[in-house]
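Asks: The primary structure of each chain is shown beneath.
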Amino acid sequence: MLLDFALPEHDRKLIPEGRLSGPMPWVIAIMLFLTLLVAAAGLTLAEAARQGGQDLARHVTVQIIEADPAQRAAQRAAVTRALRKLDSIAEVKPVPDADVRALLEPWLGTGVIDADVPVPALVDVRFGSVPTAETITRLQSTLRSVAPNIRVDSHSSWMAPFFELMRALLWLAAAMFLLLLVATSAVVILAVRSTLNTHRETIEIMHMMGGTDVQAARLFQRRVALDALLGGIVGFIVAAVVIMTVGDRFAAVEPGLLSGAHFPYYGWAILAFIPLAVMALAMLMARMTVISALKRII
Amino acid sequence: MNSLCPVTPFVAFVALMQSVVEFDNVGLRYGAGVETLTDISFTLYPGSFHFLTGASGAGKTSLLKLLYLAHRPSRGAMRMFGHDTITLPRDRLPGFRRRIGVVFQDFRLVVHLSTFDNIALPLRIAGVQEKDLRGPVTEMLAWIGLTERADARPATLSGGEQQRGAIARAVIGRPELLVADEPTGNVDPEMARRLLQLFAALNKLGTTVVVATHDIHLLQEIEGAQMMRLDKGRLSDPTGSLRHPPRPLVLDN
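Just so you know, the protein sequences line up as chains A and B, in that order.
When we follow our numbering, the leftmost residue of the first sequence carries the number 816, and every step to the right adds one.
When we follow our numbering, the leftmost residue of the second sequence carries the number 32, and every step to the right adds one.
Read the hints as simulated data drawn from the structure, not as lab findings.
From the three backbone atoms N, C-alpha and C, an ideal C-beta is built for every residue, glycine too.
Do not rely on the hints blindly, as some may be mistaken.
Stated by the list, open to error - Pulled a few chain B residues facing chain A out of the computed Cβ check, cut under 8 Å: (1) Y99; (2) A101; (3) P104; (4) A108; (5) R123; (6) R129; (7) V141; (8) P153; (9) A157; (10) V159; (11) Q160; (12) I253.
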């Protein structure tokens, strides 16, 4: 079908191509711009969910709950040593007391921590691969032999609602992407029908001379392909500028939940493919519309 | 009726030939309206020349539309080039249409195309290479006196020039059947004679010609031409030879 894009000049004259004169390329440009933005948002979400999910799922925090500061420090050292002996663990990082206090001070105020409110000691643990629930339970019982009052918190459990939200947003992006493709197809069908009405006389003459449906459809396919290509280029350029600008703003955001939210490099290849896919879709729609319309005349 | 048909070698030859067009009790109705054509039966043989006459509204254009496969009959049997065109699959119609040249009453030149491109259109549709069509189209332009207007768009041509262009487009592909609706209506008598000569020349090469016209004097211009007359959608031919072609019964003699 894409080979039909190339037509001899005399055939192209049959349906004059008013490039960028009609609204079709601009409508396709707008539709494609929106499609690309939705696709970029979806890819960014998917990448953030993938990276963040993998990263968080490998982390657990061990809390040592002990009121006596000296014992707490001793237990933290013992827990750290025990953890470092385990092969499944990639990194063990005891969180300094100062950092824990800094985290709590905005809520509890300065000077009250330790004196009035004992705070747990924390050890940040990163597994080599995503641990199962059984692994965490086993770790918990291992550590209880050196520190009886410990608690192991898996990061993925408290982040689960956030990732549920991300997954929902991903589905929403996919649905919007499909809806925009359907809307673009509808625009193409309407434009082809309008052009077909304008050039009905020419098509009928071709028919009476033995022109086939496919020959007539080729003329429209080419016209639609050109409009879709021009619209696609404009839509892609504008979308690329917006994606890069928004990407820069994301990069300026402090690391945290959004740290994994960046547009992946492979995403550019996917975005570049979308205008070509839309062009092929537009050609297919044009072909089907013309052939089905021509079937109504003998 | 048989006794009216002299047994000549020509008649015997004609009877053996495969017909180009065969209508048997054909009727045509547009939508739910009354029949525009009723009980049309005739056979056209290769190399025959026919004038189709009749008053306005008699159904000439409708009959021509059946002949150039723009419509299918509402009833009856219709064969063209040896095939039943009523049951012929739609995707095979283009191949049949390429064997038919049509001169439309309103010319129907493609407005975006030059005279040259309009005349070349049937050849291009048939897939003739550019190098092979340039010569015949140029020759045809010279024959109809439009060499100087080769690049002109139809809107800038006079009625007569458009008509000549339409005729050239119809005959450029050497059709087996040429169907013309009032082809000499807009040209001066001299050009009308030249165009009829062109039809006659094609006819001598084997093309079956059907010309719808109001001008019965044209009959005298073509030797051996037969007349088909339509009256209120029914065919009445004065010679009788068209409705009852001298075929098997003649051979039996």
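Asks: All the hints need checking, so say for each whether the structure fits it.
Replies: Structure-based check of each hint:
no.	hint	in the structure
1	Y99	6 Å, holds
2	A101	6 Å, holds
3	P104	11 Å, violated
4	A108	17 Å, violated
5	R123	10 Å, violated
6	R129	3 Å, holds
7	V141	5 Å, holds
8	P153	5 Å, holds
9	A157	7 Å, holds
10	V159	11 Å, violated
11	Q160	10 Å, violated
12	I253	25 Å, violated
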